[in-house]
Structure formats: structure tokens, C-alpha cells
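Undergrad: As you go down the protein sequences, you meet chains Y and P in turn.
Residue 24 in this note's numbering sits at position 24 of the first sequence; the count goes up by one each step and never skips.
Residue 73 in this note's numbering sits at position 73 of the second sequence; the count goes up by one each step and never skips.
Some hints here could point you the wrong way.
Derived, one-sided and incomplete: chain Y residues facing chain P with beta-carbon distance under 7 Å [stated by the list, open to error]: (1) E44; (2) L45; (3) R50; (4) A81; (5) Q100; (6) W103.
Quick caveat, the hints were computed from the structure, so don't treat them as lab data.
Glycine is no exception: its CB is placed at the ideal position from the N, C-alpha and C atoms.
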Amino acid sequence: AQKVTQAQTEISVVEKEDVTLDCVYETRDTTYYLFWYKQPPSGELVFLIRRNSFDEQNEISGRYSWNFQKSTSSFNFTITASQVVDSAVYFCALMDSNYQLIWGAGTKLIIKP
Amino acid sequence: DAGITQSPRHKVTETGTPVTLRCHQTENHRYMYWYRQDPGHGLRLIHYSYGVKDTDKGEVSDGYSVSRSKTEDFLLTLESATSSQTSVYFCAISESDGSKTDTQYFGPGTRLTVL
Chain Y
1 AQKVTQAQTE ISVVEKEDVT LDCVYETRDT TYYLFWYKQP PSGELVFLIR
51 RNSFDEQNEI SGRYSWNFQK STSSFNFTIT ASQVVDSAVY FCALMDSNYQ
101 LIWGAGTKLI IKP
Chain P
1 DAGITQSPRH KVTETGTPVT LRCHQTENHR YMYWYRQDPG HGLRLIHYSY
51 GVKDTDKGEV SDGYSVSRSK TEDFLLTLES ATSSQTSVYF CAISESDGSK
101 TDTQYFGPGT RLTVL
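Given the sequences, and given the hints that come with them, work out the whole structure.
TA: Okay, here's the thing in C-alpha cells:
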């Protein structure tokens with residue numbers, strides 16, 4: 001079965017700390033896609049990154065970085081030098097062989113000033 | 001930002017009444033989706049469309065129907081709303097090359113309360 005697990009329900013850190021959000025997935029497919037989305041308190045869903053299963057290179061975008069490891073079926077997200085504006089719920093999602101997005105339950109990130 | 005609007009943004013209705021939510025896009029994208037989001041869950045797919053008059057069911061389609069008579073509009077209908085359908089509904093569209101694996105971009109959401 002396809003499944004995405006975000007074990008951290010809520011994380012709270014002080015501003016400027018680094019924080020890592022974990023995402024573990026299960027799939028039997030050899031080709032698949034992984035995504036991260038951000039949902040700030042205003043409620044919209046913002047696309048952050050898409051990664052296909054053949055590209056295991058880590059990605060960095062400003063303060064954001066992603067670590068994709070097929071060996072452990074993980075696609076973790078790190079925010080460096082966190083800011084209050086990073087406070088949001090972050091979702092990891094897997095696109096399955098039926099082209100449907102399977103979502104994790106989300107991790108609520110609270111950045112305290 | 002993808003040009004996606006949803007209407008209404010908020011709605012309160014009573015059990016047993018019909019409700020229609022509208023998703024409108026200005027991007028001419030082929031794929032459109034309806035999801036619901038409930039506390040403690042990620043999003044769950046209700047229905048999706050891969051072209052005008054072409055739709056298919058998602059994971060939680062019972063109690064919902066959809067229609068797509070124009071590329072830009074995708075309607076979600078609750079024929080007889082129930083309290084279990086109280087949720088936030090999101091519409092999404094896929095990028096223009098029409099691949100099913102494309103990134104999905106989301107509308108602002110509709111908060112529906114069924115009393």
C-alpha cells in the first residue's frame with residue numbers, strides 16, 4: 001500500500017534554530033514523485049518542491065533544503081535559521097502509480113520569536 | 001501564482017440541502033482536482049477531471065458528484081449535504097503539458113459547514 005508518514009505532529013523551536021521535518025513513505029513503485037507543500041495560517045497550500053525517484057540529489061533553495069534517501073524511503077525537509085514566517089503546517093505527499101497524491105497528516109511548525 | 005479561484009469561500013448550510021462549489025482557472029490546464037481537508041489529515045481526493053466532460057472518482061467520492069462543461073470550470077456538488085461533509089474543500093490544477101504527474105497547484109479553499 002502507498003503511504004506517507006509524518007511522525008512529528010507538532011514542532012516548536014525558537015527563531016534562528018535549524019529544524020528538520022521528517023517524511024517517510026511506502027511504495028512498491030519504482031517510479032514515483034514526492035512533494036512538499038506549505039500551509040500557512042492563512043490556509044492556502046503553497047508548493048515547495050517536487051522530486052522524482054530517479055533523482056537522489058539533495059536540493060537547496062535559500063534556507064530550505066531537502067534530503068532524499070531511497071535506502072530509507074525518506075524525504076526530509078530542513079529549514080536553516082528559521083524565521084517566524086516559516087510557521088505553518090508542512091505536508092509531504094507521494095504521487096502513486098495511479099497519479100493520485102497520497103498525503104501525510106502534516107507537521108505543524110511553530111517558530112517562536 | 002496559478003490563476004485559481006474558488007467560490008464561495010465560506011458557506012454554512014443545513015443537512016439535506018444541495019450545495020455546489022465552483023473552481024475556476026485561467027491557466028487552461030487540462031487536469032483539475034477536488035480535495036477535502038479535515039483536522040489531523042492531509043488532503044483526500046474526491047474527484048478529478050482530465051478534460052471537458054471527462055471525470056473520475058478519487059478516494060472519498062461517495063456523496064459527491066462533479067461536472068466539467070468548460071475547461072476553466074470544475075464544479076463539485078453535494079446532492080444532499082450531511083454533517084460529515086463539513087470540511088475545507090480545495091481545488092487544484094496541473095500544469096499545462098497535461099501530464100498526470102505534473103505538480104498540482106491549489107486554490108484558496110472553501111470552508112463548508114453543514115449544520
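Undergrad: Now tell me, hint by hint, if it's right for this structure.
TA: Verification of the supplied hints:
Satisfaction of the interface hint for E44 (chain Y) is found here, the shortest Cβ-Cβ separation to chain P being roughly 5 Å, below the 7 Å cut-off. Against a cut-off of 7 Å between C-beta atoms, the interface hint on L45 (chain Y) holds, since the closest Cβ of chain P lies about 4 Å away. Taken as an interface hint, R50 (chain Y) checks out: its beta carbon lies about 5 Å from the nearest beta carbon of chain P, inside 7 Å. This hint is violated: A81 (chain Y) has a C-beta 26 Å from the nearest C-beta of chain P, more than the 7 Å allowed.
A least Cβ separation of about 6 Å between Q100 (chain Y) and chain P falls short of the 7 Å threshold, and the interface hint therefore holds. Annotation: interface hint on W103 (chain Y) holds; nearest CB of chain P at approximately 3 Å, less than 7 Å.
Taken one by one, the earlier hints fail for this structure only at number 4.
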